[in-house]
Each structure stands twice: as C-alpha cells, then as structure tokens.
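Asks: First to last, the sequence lines map onto chains R and E. The numbering of the first sequence is this note's numbering, which starts it at 1 and goes up by one. The numbering of the second sequence is this note's numbering, which starts it at 1 and goes up by one.
Some hints here could point you the wrong way.
[Said to hold, decoys possible] Okay, derived cross-link-like pairs now, DSBU-like style, lysine-lysine, Cα gap no bigger than 35 Å in a straight line:
#, chain 1, residue 1, chain 2, residue 2
1, E, K134, E, K202
2, R, K232, E, K265
3, E, K110, R, K26
4, R, K30, E, K68
No wet-lab data here; the hints were simulated from the structure.
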Amino acid sequence: MYTYSEGKEWAARFPGCGPLNRAMLKYIGKRLLMLVPVILGVTLIIFIMLALTPGDPARQILGGEATEEQVEELREELGLNDPLPVRYVRYIWDMLHGDLGTSYSSKQPVTKELLERFPTTLLLSILCTVVGAIIGIIFGIVSAVKQYTIFDNVSRVLALAGISIPSFWLGLMLIIVFSVNLKWLPSSGFYGPEYWILPAITVGLVQAATVMRQTRSAMLDVVRQDYIRTAKAKGQTELKVVMGHALPNALIPIITVLGMQFGHGLGGAVISEQIFAIPGIGKLMVDSITARDYPVVQGGVLMIAISFTVVNLLVDILYAFIDPRIKALYVGKKAKSSKKEEVKGAAAS
Amino acid sequence: MSEKNFLEVKDLTIHYETDGGVVEAVNGVSFSLAQGETLGLVGETGAGKTTIALGIMNLVPNPPGKIKAGEIVFEGEDLLKKKPKEMRRIRGDKISMIFQDPMTALNPVKTVADQISEVIRLHQKLSRADALRKACEMLELVGISAERINDYPHQFSGGMKQRVVIAIALACNPSLLIADEPTTALDVTIQAQVIEMMGRLKEELKTSMILITHDLGVVAEMCDKVAIMYAGEVVEYGALEDIYEGEHHHPYTVGLFGAIPDLDKDTDRLTPIDGLMPDPMALPQGCNFCPRCPHRRPECETLPPKPHEVSPGHTIRCHLFGKEEA
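Pulled out of the complex, with its shape left as it was, chain E reads as follows (with noise of 0.2 Å):
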C-alpha cells in the first residue's frame, strides 16, 4: 500500500438519532493521511471534530449514534467492515487517542501502574513485571517520575493526568493517534508544555496524527494538513501552507483568522463571525454557512455547494470558488 492511503476517510458520515430528532453531527467528510504527517481538525465546539475521532476509533456510543455511510481505509482495510475483535485488536495498538478532558479520562480507582500496563499487556504479550517496566518507562517518557507508578489519577494535577494518558496513548507505538483537544483543560502554561511534548514524542515515535483543536496557532506548529470543519462538514482542506498562505480561502476560514487578534493593530474588541452555528437537527437546504456568510448569493441558499479544488490538494466547499471554472 503506498504512503498516500495511510488512512483515508471518504464520505464519512455520521448521525446521533435521538428522540427529539436526527443529530446531523458529520456529513461526507475526506480527508486523507500519509505515513508520519499530522492533520489538523479545526472547527467551533459542535463541528463534529470529535465525532469523527470516535467513528475512526468505532467507538461512536451507539445508541443513539450511528455511521450512516463512508469508508475509513486504515493502512488498505476499510474500519468500518472490521468485526468488534479484529477492532478491539487495532484499539489501543495501531490506532490509540488522547482524550479532551484529563480531569475525568483516568480511572479513579485504579492506580497509574495498572492503566498503563493495561493497554500494554492488551496489545503485547509481557508479563505483568515487564508491562510494569514498560509503563514505568512509558511515564519517564512524558516526563513524570517513574517513582509516582502506584499512584492513582487523584494524587496527580491536571498537567500531569494529561501526561498520563499521553503515556496510555503511546505505550503501544501506534502508528495513528488522535488527540481531541488535548490542550483544551490545561492552562496556558501547561498547555504549551505538553504540545511542546506531543511534538518531540511524534517525531522520536514517527507516528502519524490526527490534532482536533481549535486553537489556529497549535495547528501551525504542528501540522502539515489543516482541515476546516463547519456544521459537520469539511469546508477547506489543504496543506498547512494552502490555509494559512493560499489566496483562496473559503469565508468561514476567512472569519476564523480574523477572529484572532492582531498584535500590531490597536484594537479594542475582537472580530467575531456574526451569527451562531446552524442547528446540527436542522441543517440549511444549501450551504450550511450561507446565513452567516458576507459573500452569500441567492444559490447559496438553496444548492449545497460542491467541494472545488483550487490549486492541488487544496479544495474548498464554496459556492464562490465552484463558479469560477464552470
């Protein structure tokens, strides 16, 4: 298989089919992923960036969730045709995740020592004591002293539980990761350590990543691919050059940048984009940001817009884009 199909996710979509209505959280997201690179999922809160770790995981809670249709090719076999034990095989292994919220991610009940050599004994066949040094090595690597190993997640602050389950993560080299907002519950300090971290662990382990935040200046130390996600779709999708150099940029993207600050203007309030995110249980007929869009045309309102390449490996979904070629 050549680098290229690493893991490919075509048409994705995603549905929460609750009491109260369908939950359109994802609807045909691409995107693609070689060996070693890191993707960055940017978006607001509801885009459905996590909902997508999950589907890639198969760990969408189901009821009320459901993955309606795609693919997630995964090193030439599709995830989504895998029976629950070849999965479970490929969890924690092959394909591990970072979750958003360190607070509430470790078992309470269960020392350091036994979360970490868990998934090690899961996926490797040690024996108890060799999965203990492993997870005593694994907690070394992100910098917590292997003397704190019997300690449960109450003892540790959040920096370091976020750490911890870094540790968890990695302890099986796994050649894809995803980190949903690993950043998010820290503060600012910390913040800045751990992806510091994450950086340098992605290289010594040449693991490919997936990074789901919303924080544009993580995604420009970090990744090689940037993927815009709007009301569950991808909007912009290209090389971390494309996004934040290109000419062309779908207005969402357009909105987002400029929504964070200039430190060479004096500027008293930030710019916000006018307008809030559609609701996922009633998505607009055309475009879903047209009724927030500057430049929307009467079509926008009722044609869902294609996704149009406008210069190699950068596409975007914009009626204004689309228009151009034809």
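Bound conformation, chain R alone (with noise of 0.2 Å):
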C-alpha cells in the first residue's frame, strides 16, 4: 500500500504550483526577445510620423522673435537636418547606450524626465488597477450567482454606465462633489495618500466596469460546468463552490481585462493625470507633444509600449499559474505519461 510520506515525496518533486521551471524560462526568454522587433516597429513608427507632423521644434523652443538664421543654426545642432534613416540609426545607436537623448523644453536627459515621472504613474497605475478589480469582480461574482436579480438588474446598468460615461467628466463630477463642495478631498497635485483617492477611484470605477461585465459571462459560463455540479454534489457550500471552484475556472478573462486596464494605466492615464495635475507620464507626453519636444515624445512611446509588452507577458505567465492545461503546453512532458498508467490501473484492477 502506497504511504502518505511517498505521496509527500511526489508532492516535493512534481509541486502542483511551481510553473517556473526551466521550460517556462526559456518561454520567458522567447518573449523578451520578441520585444526587439516589437521595440524597432514602435521606434521607427513613431519617427515617422513626428517627421509627418507640422511644425518645427527649432522654431517652438526658439519662440517667435528668433531670426531665420539662429532656427536654422539650431537645426543644425539638433541634427534635424539630416536625413530621416540617418536620424533613425542615430537614434536607435544612442538607445542602445541608454541615451534617449535630451528634452527640447527643459534640456534634461529623456530617460531621468521619464524615470522621475514613472513611479506615479506607477503608482496611479496599481492603485486604479486595485479599485477596478476588487470592485469588478465583486460585483461580477455575485451577478453570476444571483443572475436576473435585482442586485444583477442593478449592477448592469451600473456597469453599462460606468463603460459609457467618459472618465473626465466622472473625474470633475467628483471633484465638485468632493473637492469643491465637501471639501474633504484635494483635487489636484500627487503627494500623499489623500491626492491618490479621487483619480483612483475616477479611473477604478470606469474600469470596474469593463472587469465586472467580463467577470459575469465568464462566471455564468463557468457556473454551468459539471464540475460546479461535483462540487456541489460532494455537499460543498455555495460560497466555496463559488469562490474554490468557479473562479479560479473564470479568472483567465478576468486577468486579460486587467492586464490591459493596467497596461493602459502605464502608459498614463492621460485625461485623468490632466484633470487632476498628476506629474506623471501621460501628463509629460501631451506637454512634449505640443511642444513639439520630440525626443521624450520617442522616448515616452518606447516606454509604453515596452511596459505594455512587459505587462502582457506577466498576464501571460500568469496564465500558467491559473490553469494547470497552459503550464502543460509550456512543459508538455508529464501528460504522456497517461497512456502508460491507464494499462497499469486495468491490470490492477
């Protein structure tokens, strides 16, 4: 007879939650590799259509007054004169030692602009993200298990709302309610805990929309398996046969949304960090970009669009934790072994 500390043996060699073994590394690899070309489209892209654009930034930071001559001294020293494909391996050259180069406005380095202006969003980013999900899903959750109720009726014309109303005008609407009128929040700047609540909530309850729609179907979907039904079946209650066997099944579509919602945030919450004068990221790229300060335009592209690839390998490592079928793709060996076992059971038995 088999013993329980052999059963504790094959636990320890094969841990039903370790999806990071070498299989998975070497997936993670792969995809951080992806992000070359992914980098080199982005860049190049970009370029172009800052080339497109009207405008010329040697006038902008030289104001009205400057003569034709000192514009075009200055085109000269920022090397706009040069061919596009020059400028480009330029720049791609410079990127790859660290070396976004220097803001037009404030002649800072592009990387220190975007690095100090990074954490808030970051921040920002979580925080949103945090208020989105647990509103979200909550909400979700008991829609499914209680569909066609009231609470269900309700919480979709809430979530429809939420998905139509545009998030500036929530985010003024709170500011005249909070800020204005009970005066007990602030409505602008970032420096404590009490700046973060109403651009987290403003943010967090347009995206608790979307998360707790998607976070319905999936569960509705989910509720009506058969293995809701065993779990019922083995006298479960309710509340862990939701929680501990349905969302588990359900969280893949819940974590994409959120996946997103939180790449979107990186790449800044540019209305929101307007309305309430956040210094973050997309407050920084709707000043460079009419001020035409291409270089932390580039630069602020770059970073999104790396953050959002970054973020979607998460959610897809992620994945692999959930659902123990992704991790087998990853891995792909253990499954064979089945066939083998199913002739060894029959003979046992």
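Using the hints, build the complex out of the two chains.
Replies: Rendered as structure tokens:
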C-alpha cells in the first residue's frame, strides 16, 4: 500500500504550483527577445509620424522672435537637417547606449524625465487596477450567481453607465462634489494618500465596469459546468463552490482585462493625469506633444510600448499559474505518461 | 426503520419552467430501494432519469427546475423537507453521485488530491494529511496508482477520470450511490472494466445503488430491480426477473427489448420502436406511449393509465393490464 510520506515525496518532486521551471524560463526568454522587433517597429513608426507632423521644433524652442538664421543654426545643432534614415539609425544607436536624447524644452536627459515620472504613473495604475479589480470582480461574481435578480439588473445598468461615462466627466463631477462642495479631498497634485483617492476612484470605477461585465460572463459560463455540480454533490457550501471552484476557472478572461487596463494605465492615464494635475507619464506626453519635444515623445512612446509588452508577458505567465493545462503546454512531457498508467490501472483492477 | 424503507420515492414530480413553456420532466414517479439493492433506471435520452437523480440529491437546477410534488424518504426522513445545510451534510456523505461525463465532471484547475480530499474533509473530521492519505487509498481502490495523486484531470484518460469520479463518490462510504450513465462516455473495453469495478466496490462497501443507463445488458448484470421509464413516468417496475423473464410487459418494454439485435437470427437491420418520444412540453392527454404503441385502444388516447400490479412487486402502467382485473 502507498504511504503518505511517499505521497509527500511525490508532491515535492512535482509541485502542483511551480510552473517557473526551465521550460517556462525558456518561454519567458523567448518572449523577451520578441521585445526587440516590437521596439524597432514602435520607434520607426513614431519617427515617421513625428517627421510628417507639421511644425518645426527649432522654431518652437526659440520662439517667434528668433531670426531665420538662429533657427537654422539650431536645426543643424539638433541634427534635424540630416536625412530621416540617418537620424533614425543615430537614435537607435544612442538608445542601445541608454541615451534617449535630451528634452528640447527642459534640457534634461529624456531617460531622467521619464524615470522621474514613472513611479507616479506606476502607483496610479496600481491603485486604479486594484480599485477596478475589487469592485469589478465582487460585483461580477454576485451578479453571475444571482443572475436576473434585482442586484444583477442594477449592477448591469451601473456597469453600462460606467462604460459609457467618459472618465474626464466623472473626474470633474467627483472634484465638484468632494473637493469643491464638501472640501474633503484635494483636487489636484499627487503628494500623499489623500491625493490618490479621487484619481484612483475615477479611473478605477470606469475600469470596474469592464471588469464586472467580463467577470459576470465568465462566471456565468463556469457555474453551468459539470464540475460545479460535482462540487455541489460533494456537499460543499455555496460560497466555497463559487470562490474555490468557479472563480479560479473564470480568472483567465478577468486577468486578461485587468492586464490590459494596467498596461493602459502605465502608458499614462492621460485624461485623468491632466484633470487632476498629476505629474505622470501621461501629462508629460501631452505637454511634450504640444511643445514638439520630439525626444521626450519618442522616449515616452517607447516606454509605453515596453511596459505594455511586459505586462502582457506577466499576464501570460499568470495564465500558467492559474490553469495547469496551459502550464502543460510549456512543459508538455508529463501528460504523455497517462497512457502507460492506464494500462497499469487496468491490470490492477 | 425497516430495510424496505431505506429509500422510497413517492409520486415525485419535477418540472422545468422555462420561458417557452413547462417541461414536464418527471411525472409521479415512485419506487423504493432496500439496503444493498441496486435499482436500474432504464429509458431513452430525455425520459427524465437524470432529473430524478438530481431530485434525490436536491440539485435540480432552480430556476428553471422545480420539484412540484412528491416525497423522497431516505432513512425515514423526507429529503425534500430538509434545510439546505442538512442536505449538504447528506450530499457526498450518505448519498453520492457519479456523473455522466467524466471529461467535464472534474475541476480542471485542481489536482486530483484536492478534489478527492475535499469531500473527505467535508464529511469526516480528518487532518489535511490524513485526508490526503485516504485520498491516496481511494485512488488505489479504483485502480490508479497513488503516485498520480498530484496530477491534474487533463493528465488522465477518460476511463481514469471516471475512476477518479467514482473514487470521489465512494470516498465517504455512501449508503446510496447514484450512478448516472457511468459508462456512456467511455469506450467499450473501458466500460466493461468500470462496470466490473463498480460491481465489486458495491459488494465490498455494501452500498445501495441507483444505476441510470440505457444499456440493458449492464442492468441484467448489476441490478436487483428495474424501473423502465418513458416520458417522465415509470411504465414498468419490478424485480429483475419480472422484467427480463416475466410473462407480462408494457408495450414499450417489449419494444425496448425488441430493439436489441438477436445473435441467433440473421438480420440486416435493427428493430426500432416507430416514432419519437413525445415533446415533454406537450405530453399526450392519455397514455404517453399511445402514439407509438402497436396495441393502442380508444381509451389510451384520452385516459392516462394507472400503474397496475400484474404480480407482487411487478407493476405496469398500461390499459392492456388494468382492464383484465376490472
């Protein structure tokens, strides 16, 4: 007979939740390599787009009173007179050395400008995603379990409203209510926890609407599955059936949406950063575009592309933690042994 | 409580109330089961067999399903009057169920260890380690090496998944096991193994069983009693010998047995029962089987037949037999 200690040994040898094995690491490496063409593509597109945009950065920097000669001199100095391919290759070369250029307006290195603002944007994205996930997932689950009840109908209408309402309007309304009228919370800046609340709620609520709809539909799909009936037939409580059996199976589409929203957030929640005057990537980008500050725009877009790809990769890795079948795709070896066991099992019975 | 009353289903009526109309899935079904006995519920797809099973488990999906009437007396108590909490204590412990499709009956994101020990820990006060050990024993009992305990369902073949489902169902030594077409989804060689194994385990654990199937061969091998179902009603009910060797039969039973090919005769085609099962949303006014019955009489179209006892314990729901007595 099989003993428990042997079972523990086996558990140690094949840990149920350790997908970060060699096959997984290889996959992650492959995905990181795929970043290279993504980055090249993104920089190329943004380069061409900026070259085609009307307006002269040299003129913008020097202002309307500068003479034609001064402008020409600056253009030469910034390398703007070189052909586009030359400028592109030079940019890529500098980028490989960690140099994204110097901001035209602040005269600071672009890398420094971006890194200064990144923590703010990261914090804001995390807060928004957390708010969106908590509200969206809870409402989605309850809606699905209590399908077609008053709760479900009301939260579906709210979710529809959340998707339809523009976040800038919601932000302004919240400012009017909580900052102007009630004077409970500050309306702009990003200096401490009390400053975080309004932007996090504004963006979080809008995100929650999408998360709620996704959670509801995924859960509705899962609660009709046979294995949910099996869990109920074991005598398991409703709460544990929903949270322990249904939710893990519904997580993949939910995580996908959350990942996308988080990625968007890292790219700078442009509108909310603008409304609440938060010094993040989004605000920097808007300001730089108006100022024709090419290096900052290029660096910003590059950073957005990279963070989006990295978030996507993280989401894909999370899939493997959630669903052992996806993990098996990376590993692909152990599943094949079942045929042999079948024969053994048949012989034993 | 006498052995006779171990499980008694009386006049069970279950309807699905959908937007399109009321589906009369189960209509006034009665049967009883003594300790250690096996009852075969036989009938075509849609006859209401699974709904009865879910009714006993109190798991009829609601909405749209509703248990309209009847009693399910298990060990002297009516299950339909139990509170949800009391019912949860019975489910998986005293009454457990093997589901039709093993491919979908197991949670794909949980290990077999988790899924077997879950039911053990719900009903027995065991530590995590002891429950895991018991789960390993159960897995060995159904003929799967305990080394596989930490595997996920997708790593098993269909036949092995069904064994795992059986291991879950038997983990708490239920006194009643409901097996809903346990072999339908499996291929023929595995079917025989699973049936043989279930028979053996039933003997070992002294479990009563309700076996839902449309395989009359399996019924002959495993059952003590048989209930033939048609359109939500039990049309013939009796001991195995009554159904297989008895003199009198419901015309549907005759048709059902007639559809089995005879090995001694050289026939090119099977003999099906003409026609289709009635739409459960619009059952005939009289006998449900009337439109397909070769012996139909005028009263069959207007008057629903009552069960008639042709010999002790053998009842047939048909006008052909009710008349003889009257």
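Asks: Starting from the hint list further up, note which numbers the structure goes against and sort them upward.
Replies: When the structure is compared with the hints, numbers 2 and 4 turn out to be violated.
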